[in-house]
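As they're listed, the protein sequences go chains A and B. Going by my numbering, the residue at position 190 of the first sequence is 191; the numbering climbs one at a time, nothing skipped. Going by my numbering, the residue at position 4 of the second sequence is 5; the numbering climbs one at a time, nothing skipped.
Some hints here could point you the wrong way.
Said to hold, decoys possible - Here are the simulated lysine-lysine pairs, DSSO-like style, with alpha carbons at most 27 Å apart:
#1 A:286 / A:207
#2 A:94 / A:156
#3 B:30 / A:311
#4 B:30 / A:308
#5 A:207 / A:325
#6 A:286 / B:30
#7 A:303 / B:30
Just so you know, the hints here were simulated from the structure itself, not pulled from any lab data.
So you can see what is in the structure, the chains are spelled out below.
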Amino acid sequence: MDCCSHALPVEVNPGFEVECYHNFRLSIILSSPELRPWFYSRFVNLTLQSYEGEPFPIIRFEDHLDVYSGVLDESPCMSAEDDVVNNIKAFLKSGRYMILYLNWKHVPSSSFYGGQDMIHEALVYGYDDRSRELQMLAFEAGGRGYGRIALSYSKCRELFGRLREENWEKHRWFAYYGFPSSSVKVAEAYPGFDSRSLYFALERSKAAAGSNQMKATGAAVNRLMADYFRDRQADGGMNEEACQVWDTMSGKTILHKKLMLQRLAYLQRGGDGKRLWPAMELYRKSYQEALHMNWASRRYRKRPDPKDLKTIADGYDSLYTMEKRANLLIMEFLVHRQLSHFER
Amino acid sequence: MGTDERLMGCVMNVISHRTGLNDNSNLLKAGVDSINFIRIVVALEEEFGIEIPDDAIVLDNFSSIARIRSLVLSYSEGAAG
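Can you build the whole structure from these sequences, using the hints too?
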């Protein structure tokens with residue numbers, strides 16, 4: 002740190018673009034190698050909430066922002082009198098990142114510039130007094146889906162002032178997402194890998210879901226998605242509104258398989274890794290299947306053909322079968338590892 | 002092993018070691034269908050430690066060895082290999 006600038010470390014691409022509020026926090030966490038074990042015991046299950054009235058089923062990770070309790074110390078900051086830039090600089094100097102909400106329709110480097118209101122957070126990780134700019138990670142700005150941008154001090158002051166005047170009431174319900182600004186730091190005594198958390202998440206992933214149900218956790222999400230696509234095939238196709246959400250949900254399906262593979266690689270490195278080979282193989286095939294389904298989804302959106310909806314439904318059926326088996330194998334591995342302490 | 006050999010290895014493992022392929026052979030005619038090309042994507046990602054973005058996962062990018070090489074090189078900056 003010199004007198005004019007300071008920047009905290011960030012992981013520029015945590016891969017959670019499809020769940021933005023996680024991406025910002027994970028940009029902090031994944032910049033510290035020692036926090037990766039914590040990460041590998043979280044984000045195990047996807048869930049599907051009821052999709053009645055929704056244009057497309059909404060899939061999200063089971064973990065919400067409370068997952069960071071104990072690993073990130075996050076608190077709302079700034080009073081009405083404070084200068085936003087001075088405040089941010091003071092926090093950064095003390096090792097705290099800032100989550101800051103702005104209306105991106107006023108930011109020239111944003112793809113939302115000049116359009117409708119787009120209130121979204123950014124993660125401020127640095128400043129430079131020479132260029133009089135803040136360094137931040139932001140969505141859909143600087144020509145990237147998620148990445149580094151610089152915002153001048155004056156623009157930041159202007160935008161934060163406008164946020165208070167124009168967008169406060171409507172967005173106050175995002176207070177627990179960090180609105181309008183929060184400071185964040187890695188907790189002093191952060192937790193490591195939590196095999197209990199992983200085990201019970203896998204246990205929840207076994208929950209069955211009948212075809213008449215509309216919510217599911219874990220492997221059963223795939224079963225409901227298979228039903229959904231079969232129904233759309235029978236209905237004659239997908240509507241335009243559904244197609245807008247579809248791409249994001251496909252992205253989450255792919256991300257989940259990638260994470261499971263990273264988690265398995267981590268567990269394998271911990272010893273007795275051969276036991277995990279069959280689970281690894283099943284998740285490798287799941288990842289492949291998810292990519293293929295995504296490809297078929299895109300093809301359908303370009304040139305609708307009901308055969309692609311059947312391909313996708315069949316793909317979700319395969320994911321259900323493979324993940325159910327793989328998760329049981331991982332649980333068996335964890336049980337064996339837990340009991341091996343007694344068997345030595 | 003060089004990049005070309007590793008790349009050919011990924012393709013050949015998927016299309017069952019067909020012989021007589023050159024840089025510009027049409028892989029779609031050599032048996033690369035939608036499932037096989039996704040298998041090639043996964044094999045390349047693992048072999049080269051890269052991530053091929055969704056937008057690039059289109060059959061055209063996998064229609065010949067030359068096109069696959071160009072794709073891999075464009076995403077290999079900073080990755081092993």
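These are the hints, each one checked on the structure:
1. A:286 / A:207: Given that 27 Å is the threshold and the Cα spacing comes to 19 Å, the pair holds.
2. A:94 / A:156: Cα-Cα ~21 Å, so holds.
3. B:30 / A:311: Since the Cα atoms of residue 30 of chain B and residue 311 of chain A sit roughly 25 Å apart, the hinted pair holds (cutoff 27 Å).
4. B:30 / A:308: Holds. Residue 30 of chain B to residue 308 of chain A sits at ~22 Å (cutoff 27 Å).
5. A:207 / A:325: 7 Å, holds
6. A:286 / B:30: The given pair, whose Cα atoms are some 24 Å apart, holds under the 27 Å limit.
7. A:303 / B:30: 23 Å, holds
In summary, this structure violates none of the numbered hints.
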